[in-house]
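Read top to bottom, the protein sequences are chains Y and B.
Per this note's numbering: the first sequence = residues 1 to 409.
Per this note's numbering: the second sequence = residues 1 to 309.
Treat the hints as calculated values from the structure; they're not laboratory data.
Please note: incorrect hints may appear among the correct ones.
Think about it this way: if two alpha-carbon atoms lie no more than 27 Å apart in a straight line, the pair counts; the simulated DSSO-like pairs of lysine-lysine are [what the hints assert, rightly or not]:
| no. | chain 1 | residue 1 | chain 2 | residue 2 |
| --- | --- | --- | --- | --- |
| 1 | B | 68 | B | 89 |
| 2 | Y | 9 | B | 124 |
| 3 | B | 109 | Y | 9 |
| 4 | Y | 13 | B | 101 |
| 5 | B | 260 | B | 219 |
| 6 | Y | 9 | B | 107 |
| 7 | B | 106 | Y | 9 |
| 8 | Y | 6 | Y | 184 |
| 9 | Y | 388 | Y | 215 |
| 10 | B | 219 | Y | 19 |
| 11 | Y | 217 | B | 89 |
| 12 | Y | 401 | B | 16 |
| 13 | Y | 9 | Y | 19 |
| 14 | B | 106 | Y | 6 |
| 15 | B | 171 | B | 109 |
| 16 | B | 16 | Y | 217 |
| 17 | Y | 17 | Y | 6 |
| 18 | B | 124 | B | 106 |
| 19 | B | 16 | Y | 405 |
| 20 | Y | 6 | B | 219 |
| 21 | Y | 91 | Y | 66 |
| 22 | Y | 6 | B | 107 |
| 23 | B | 260 | Y | 6 |
Quantities reported herein were computed from a predicted structural model and do not represent experimental measurements.
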Amino acid sequence: MRNTLKVAKWEIKRNMKNKSFIISLFLTPVLFLFFFMLPSFFDDSDEDAGTQVFVKDELGVFDHVKKMVEQNDLLTWDLHKTDLDQAGIEKQLDSEENAAYISLTQSALENGKVSVLTSEDVDENFMNEVRFLEEPLNQLRIQQLGLSAEEMEVISRGVVFQTVDVNTAVKEHATSDEGGIVLKRIIPGAFAGIILLSIMFTGMMIFQSASQEKKDKIAEIVLSSLTPEELMQGKILGYFVLGITQAVVFIAFALPAVIWKTDIPVMDYLLVPEILLLVGIAILGYLLFASLFVGIGATIEDISTSGNFQGIVLMLPFLPFIFIGPILNDPSGLIAQIGSYIPFTSPGVLLLRLSLLEEWPWTEIVIAVAILIISVWLFMKLAGKIFKTGILMYGKNATPKEIWKWIRA
Amino acid sequence: MMETMLSVHDLGKSFKNKQIISNISFDVKKGEIMAILGPNGAGKSTTIRNIMGIMYPDEGTISFQGHKSIPRHKIGYLPEERGLYKNVKIMDILLYLAELKDYPLKKAKERALRYLKKFNLEGKENTSVEELSKGMGQKVQFIASIIHEPELLILDEPFSGLDPVSQELFKNEIRNLAEDGTAILLSSHQMNLVEEMCDRLFMIHHGQKIIYGNMDEVKEEYANFKCTIRGKNDHTILEQLPEVQRVEQQDDTSILYLTKDVHVTSWLKQLPDDLNILELAIDRISLHEIFIDIATDKNLLQEEGALYA
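Excised from the complex, chain Y in its bound form (with noise of 0.2 Å):
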């Protein structure tokens, strides 16, 4: 356990000491919170040129409007009461840019038909944050007809189609409760899916650096000192510590910059004993992947010239992502099921889909972390055989049938 310590030290130190993994542990959470704040950046500039938007009001209901408008957030809406007539409008709005022209007059109230007009520029929603006059306008108009109150709401109301399936009636009705629950599961699951990233891109480190002492051939030095073992589980406690390092790193970047950007209460919804069970299930996702890498990276010497066969291990993180698709359709359904009882899809699978699920399926998690740490056990042993070999084998790099003998030794 000493000389593990030690390993684990020492490679936390050589990599912290480069300078390459400085600038890419600083450099990840930048580059990833600039595409986050990318389209805010565009939304800014649209806001400074506001559609000008020219109200001829006969109703008296432009103070109403211009409260409307702030409810509703339109905050391109730039209001302006004008007394000018359709063709006088007209005029201006071919001088002008972004601009449009209401007309609320009382034949348009009686005819139901509001015109609108716009100038060239307009955003193209425009026409639809419109709509929300209808509502307003409607209840105008029947006002004029002189309804007592209940016939007003009953007209008001209309007639609605309403489809309710069966299945997902309930989920309909949780989903649309408000729009915080769907966060306080979501943050923490987003939370532990950066801790399971950070970590496992160190992860692919462990291959790199496995498979380096065995190109630069310092491995048998090393090995006169301390057991493979031991070399392997420094390894990968020390390649655990740099993602977690690189997830705080992450996380110090992205916690303010959510918290700066948005009202949601993070820290609320983060500091639940739910958190435990999502970081637990990424720390073992890490454990998994790494005792992979680390046996492939011993039977690695040159990745350039590595075989189909060690491509294809390289690959299995990346397997989550066939996932997301039918697990997004149905966290809890079939494709979701087996997915959560691969090993190596597990940690990603489990995360997303507890990150959607309103009913954690307890009996489900049980048997896939159950499975997820048989699988850990059991893939430590093998990498602990394959490493024991490989890291010694020196000139090339080493064949499934070879692979498969060292197991069996």
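Assemble chain B onto chain Y, guided by the hints.
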């Protein structure tokens, strides 16, 4: 007698169904330099790797001062396949390897600096390995193997790839270590160096013992006299001379391998008058020749070995 540091008994190891080494037995004592010699593929590195616990022997036992477990902290090892972390500073590597041996860091640093100076690498402690030449890298590896003051030092081909100046440096340092009481086991096929510096040798071929013993004894036993004559002479006449085991002839040069018990002066006196001698030289077969002899399976030694046995 000196204390035995390492004792190898009846070591055997096979890969697949091929026996790589068998019945290898030898000792390494405190303060002596013991050499394992043999051509490429003879099983030298396999033997050493088994001693280091990097491979596990199929048969036989290895013990260190009577104990079965490897005292890793007391052993220094320079493997044949050499390498160091490429983009790491020399001092960092040396300290890491010392730390793995549980050697105090402060002392390790002092020793590292002292040895770097000794090997003309002063001021290079903060250079990364990839900036070093191959020879310099080898010096760093040598320092790495002795930084923790090992009691037993195992060097697999320490001289390969070194220029003569560096070879001399290594040779002297290895001798110094032995004088200070370190038990040293080295493998090599640079016979001249081995001949100069080793106390005892173990020659191995096809995974089996050929010669084992004290350097002087071995020389006396195996390094018979040979007589080199330049001049036109008939092969059969030379062969019929007394005490001649074998004659090798090439162009005008004949080499007469003499028997072990030959008395050189009296043998010279009885040479026939009609021999055509342009040049004549008498010397002992060098270790180098014995080695080549074994490596090329000429069987000269086997015959003699049989006689000797």
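Cross-check of the supplied hints:
{"no.": "1", "hint": "B/68 - B/89", "in the structure": "36 Å, violated"}
{"no.": "2", "hint": "Y/9 - B/124", "in the structure": "24 Å, holds"}
{"no.": "3", "hint": "B/109 - Y/9", "in the structure": "18 Å, holds"}
{"no.": "4", "hint": "Y/13 - B/101", "in the structure": "18 Å, holds"}
{"no.": "5", "hint": "B/260 - B/219", "in the structure": "11 Å, holds"}
{"no.": "6", "hint": "Y/9 - B/107", "in the structure": "20 Å, holds"}
{"no.": "7", "hint": "B/106 - Y/9", "in the structure": "18 Å, holds"}
{"no.": "8", "hint": "Y/6 - Y/184", "in the structure": "40 Å, violated"}
{"no.": "9", "hint": "Y/388 - Y/215", "in the structure": "15 Å, holds"}
{"no.": "10", "hint": "B/219 - Y/19", "in the structure": "57 Å, violated"}
{"no.": "11", "hint": "Y/217 - B/89", "in the structure": "17 Å, holds"}
{"no.": "12", "hint": "Y/401 - B/16", "in the structure": "14 Å, holds"}
{"no.": "13", "hint": "Y/9 - Y/19", "in the structure": "17 Å, holds"}
{"no.": "14", "hint": "B/106 - Y/6", "in the structure": "17 Å, holds"}
{"no.": "15", "hint": "B/171 - B/109", "in the structure": "23 Å, holds"}
{"no.": "16", "hint": "B/16 - Y/217", "in the structure": "24 Å, holds"}
{"no.": "17", "hint": "Y/17 - Y/6", "in the structure": "16 Å, holds"}
{"no.": "18", "hint": "B/124 - B/106", "in the structure": "18 Å, holds"}
{"no.": "19", "hint": "B/16 - Y/405", "in the structure": "11 Å, holds"}
{"no.": "20", "hint": "Y/6 - B/219", "in the structure": "48 Å, violated"}
{"no.": "21", "hint": "Y/91 - Y/66", "in the structure": "25 Å, holds"}
{"no.": "22", "hint": "Y/6 - B/107", "in the structure": "18 Å, holds"}
{"no.": "23", "hint": "B/260 - Y/6", "in the structure": "57 Å, violated"}
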